[in-house]
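Take the given structure of chain A and dock chain B with the ligands to it, following the hints.
Chains as they are written, first to last, in my numbering: chain A, 1 to 369; chain B, 370 to 654.
Keep in mind that the hints were calculated from the coordinates and are not lab data.
A portion of the hints provided could be inaccurate.
Stated by the list, open to error - Simulated crosslink set (BS3-like; lysine-lysine; CA at most 30 Å straight-line):
(1) A/K286 / B/K405
(2) A/K286 / B/K490
(3) A/K217 / A/K51
(4) A/K286 / B/K496
(5) B/K517 / A/K8
(6) A/K163 / A/K133
(7) A/K8 / B/K496
(8) A/K286 / B/K432
(9) A/K8 / B/K490
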Amino acid sequence: MTVSIAWKNLFEGRARFLMSVGGVALAILLILVLDGVFAGAMKQLTFYMDKTPYDITLAQEGVGNLHMTSSFFPASKAGAVKKVRGVKGVDSIFYNSDYLVIGENRSLAYVIGYQPGKLGGPWEMAEGSADLKPGEIIVDERIADKYDLKIGDRLTVLGRSFKVGGLAKGTVNITNSIAFVRYDDFERARGLRGVVSYSLVTVKRGENPRDVIGRIKDEVKGINVMTREEFADNEKRLVSDMAGDVIKMMNLVGFLIGLAVLGLTAYTATLSKVREYGILKAIGAKNRKLIGVVFKQAIISVVGGFVIAVALAFAVAFGLGAAQAGVSLVIGPPSLLKVILGAGLITILASSIPILRIAGLNPAEVFRR
Amino acid sequence: MEAAKESVIEASNLTKKYGEGETEVTALRNVSLEVKRGEVVLIMGPSGSGKTTLLSILGALLKPSSGSVSLGGEDIAVLSESELPDVRLNHLGFIFQDFNLLSALTARENVEVVLNLAGVKGAEARKRAEAFLTDLGLGERLDFRPEKLSGGEKQRVAIARALANEPDILLCDEPTANLDSKIGHDIIRRLQQIAKNQRKSVVIVSHDARIKEHADRVLWLEDGEFKQMAVMEHDPVCEMSIEREKAAASVTYKDKTYYFCSKGCAGEFQENPEKFIAGEGAHAV
Ligand SMILES: Nc1ncnc2c1ncn2[C@@H]1O[C@H](COP(=O)(O)OP(=O)(O)OP(=O)(O)O)[C@@H](O)[C@H]1O
Ligand SMILES: [Mg+2]
Numbered sequence: 001m002t003v004s005i006a007w008k009n010l011f012e013g014r015a016r017f018l019m020s021v022g023g024v025a026l027a028i029l030l031i032l033v034l035d036g037v038f039a040g041a042m043k044q045l046t047f048y049m050d051k052t053p054y055d056i057t058l059a060q061e062g063v064g065n066l067h068m069t070s071s072f073f074p075a076s077k078a079g080a081v082k083k084v085r086g087v088k089g090v091d092s093i094f095y096n097s098d099y100l101v102i103g104e105n106r107s108l109a110y111v112i113g114y115q116p117g118k119l120g121g122p123w124e125m126a127e128g129s130a131d132l133k134p135g136e137i138i139v140d141e142r143i144a145d146k147y148d149l150k151i152g153d154r155l156t157v158l159g160r161s162f163k164v165g166g167l168a169k170g171t172v173n174i175t176n177s178i179a180f181v182r183y184d185d186f187e188r189a190r191g192l193r194g195v196v197s198y199s200l201v202t203v204k205r206g207e208n209p210r211d212v213i214g215r216i217k218d219e220v221k222g223i224n225v226m227t228r229e230e231f232a233d234n235e236k237r238l239v240s241d242m243a244g245d246v247i248k249m250m251n252l253v254g255f256l257i258g259l260a261v262l263g264l265t266a267y268t269a270t271l272s273k274v275r276e277y278g279i280l281k282a283i284g285a286k287n288r289k290l291i292g293v294v295f296k297q298a299i300i301s302v303v304g305g306f307v308i309a310v311a312l313a314f315a316v317a318f319g320l321g322a323a324q325a326g327v328s329l330v331i332g333p334p335s336l337l338k339v340i341l342g343a344g345l346i347t348i349l350a351s352s353i354p355i356l357r358i359a360g361l362n363p364a365e366v367f368r369r
Numbered sequence: 370m371e372a373a374k375e376s377v378i379e380a381s382n383l384t385k386k387y388g389e390g391e392t393e394v395t396a397l398r399n400v401s402l403e404v405k406r407g408e409v410v411l412i413m414g415p416s417g418s419g420k421t422t423l424l425s426i427l428g429a430l431l432k433p434s435s436g437s438v439s440l441g442g443e444d445i446a447v448l449s450e451s452e453l454p455d456v457r458l459n460h461l462g463f464i465f466q467d468f469n470l471l472s473a474l475t476a477r478e479n480v481e482v483v484l485n486l487a488g489v490k491g492a493e494a495r496k497r498a499e500a501f502l503t504d505l506g507l508g509e510r511l512d513f514r515p516e517k518l519s520g521g522e523k524q525r526v527a528i529a530r531a532l533a534n535e536p537d538i539l540l541c542d543e544p545t546a547n548l549d550s551k552i553g554h555d556i557i558r559r560l561q562q563i564a565k566n567q568r569k570s571v572v573i574v575s576h577d578a579r580i581k582e583h584a585d586r587v588l589w590l591e592d593g594e595f596k597q598m599a600v601m602e603h604d605p606v607c608e609m610s611i612e613r614e615k616a617a618a619s620v621t622y623k624d625k626t627y628y629f630c631s632k633g634c635a636g637e638f639q640e641n642p643e644k645f646i647a648g649e650g651a652h653a654v
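Bound conformation, chain A alone:
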């Protein structure tokens, strides 16, 4: 054990130390929360694809996702796909985004028309049954909560009045929820005939979905065929392309805040001790040792800020989860890795000017006053 000049200096300048730890924590928290909210939103975005147990998506040619599109293709093509080798089942759905009109209020929803008993319906019910009767609709429990809807109440969507027949769980994301009606109700409400929006294909046991997709593409032309994952990725990409620049921007802001706070505190901390570093040099301390002290101080501040920020971020994530809020915070390894690299970079950059200052100190100056 040796006397740690770094720790002693930090302790002596507690106020500044706390400021640097706080600044770094704030910066990292900003990045983590923003990333987390975004990742949470992305995850919610593809709940429908993630929770529905199927393998291959069929869509209108040129359509690769759900958000802000509409997809219709002849039902006969879905029928043809059913005959392709390796295909186990083809369940078709209708899709449209529309407002749920609840009294005076409007709430944006992805309206899915599905066939009760087949794939594409709600995956978890909070109340009531997924086995819808004609004229009924399933909305999310949180929408019901928000607009004070109970089973049996009425709302309007697709230009028709529906009766709430059940409440689903976990279909809300930042922008909208999912509402489910019967396939035939949807068809009638929209006056559709002989078309479907998407088909959810399952493959037989032991079949590789990729092989089956190859066969479908050979045999049935004029539709877009993709794996469930590709469909979900397309959905994500669309949104991340839109939000990506904003996120990058905010990440940069967080990085700069951290750099500014740590840079400033590291610089003033060093400046206030410049004479002492000179004394140590005169007495016989090597540059390496003194640089180590400055760097260690920066590392301690950053690690402290990092630990606080990560702890807070996880606490917020847990709190949001427990509160069943519409926003969820997902802190994944990529986000943590990015923050660690950023924090490392901040440490190096923030201590570089103080280090140069100290390396350039002339020890003979200590005799000058």
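Relative to chain A, chain B with the ligands alone:
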């Protein structure tokens, strides 16, 4: 007694020029100085005469423009920048006018730090630091930070720090300038004791003429050159240090010349020289 003559540091023909061309300043001109083990050398001189420059060169903090500095037989003026810190750490102790302790560290830690730098760690460094401080009467102040110490105490911590790595030589620039005269006197007395008891060489730069009586030699630096050297002598009767040239009387006894501050002391000596020489001998050990 041969050891007493051993030279610890020897500077030969030191010249130091600062700047170039129009702004060139010659701070030292061909200065030579030899300091022996156990010797206290006081360097005095007007402001700007080059005292600090000389001390910095002796302290391996500054390179002379020409000349050599031999420390324990090695010319430190030709060592590379990267070799100098170890020379300073292991062979030289520094004492400054404004103490220059690390404010975040306690008295003990201030001493421990330089032991750590030299590779002495943990409990051993702690123990040694405590011993040095206790020796200097700071046993009760070990865990005080500098802000809680008086000027004299701070300077004593600085002395402990300077001694920590057992250097051969202590270099002190105006060690009493920030202390009142009584405390300053105490510090100088301690430095003198360290020189005598621990056989360290002590070089003191000071404006304070009262230090003279504690020095074995006083050098006068002016315009970068030594002007006249006052040889300090010890009055064996009253124990005062006096300049040889200014002694009131001198007596030669058994081939050695003794100098006295007054005729009275000389008279007393002549009555029974052995009494004072014996005391002298005991004092020197
Ligand atoms: N780094 C430097 N650059 C240029 N000139 C210098 C430098 N250091 C000292 N000098 C000059 O060298 C001369 C000697 O300075 P030095 O500090 O050694 O004097 P000093 O005897 O210690 O003075 P003081 O009693 O005021 O401390 C002075 O003229 C001073 O201005
Ligand atoms: Mg000076």
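So, going through the hints one by one against the coordinates:
1. Our distance criterion of 30 Å between C-alpha atoms is met by A/K286 and B/K405, whose separation comes to about 29 Å.
2. For the suggested pair A/K286 and B/K490, the alpha carbons sit about 17 Å apart, so the restraint of at most 30 Å is met.
3. Under the criterion of a C-alpha separation no larger than 30 Å, the hint pairing A/K217 with A/K51 is consistent with the structure, at around 25 Å.
4. Among the hinted pairs, A/K286 with B/K496 is consistent with the structure: their alpha-carbon atoms are about 24 Å apart, no more than 30 Å.
5. For the given pair, B/K517 sits about 16 Å from A/K8 by alpha-carbon distance, which is consistent with the 30 Å threshold.
6. A threshold of 30 Å between alpha carbons decides the hint, and for A/K163 with A/K133 the separation of about 10 Å falls inside it, so the pair holds.
7. For the given pair, A/K8 sits about 20 Å from B/K496 by alpha-carbon distance, which is consistent with the 30 Å threshold.
8. Note on A/K286 and B/K432: the hinted pairing holds, with a Cα-Cα distance of about 17 Å set against a maximum of 30 Å.
9. Of the pairs offered as hints, the one joining A/K8 and B/K490 holds, with about 17 Å between alpha carbons and a cut-off of 30 Å not exceeded.
Against the hints set out earlier in the document, no violation occurs for any number.
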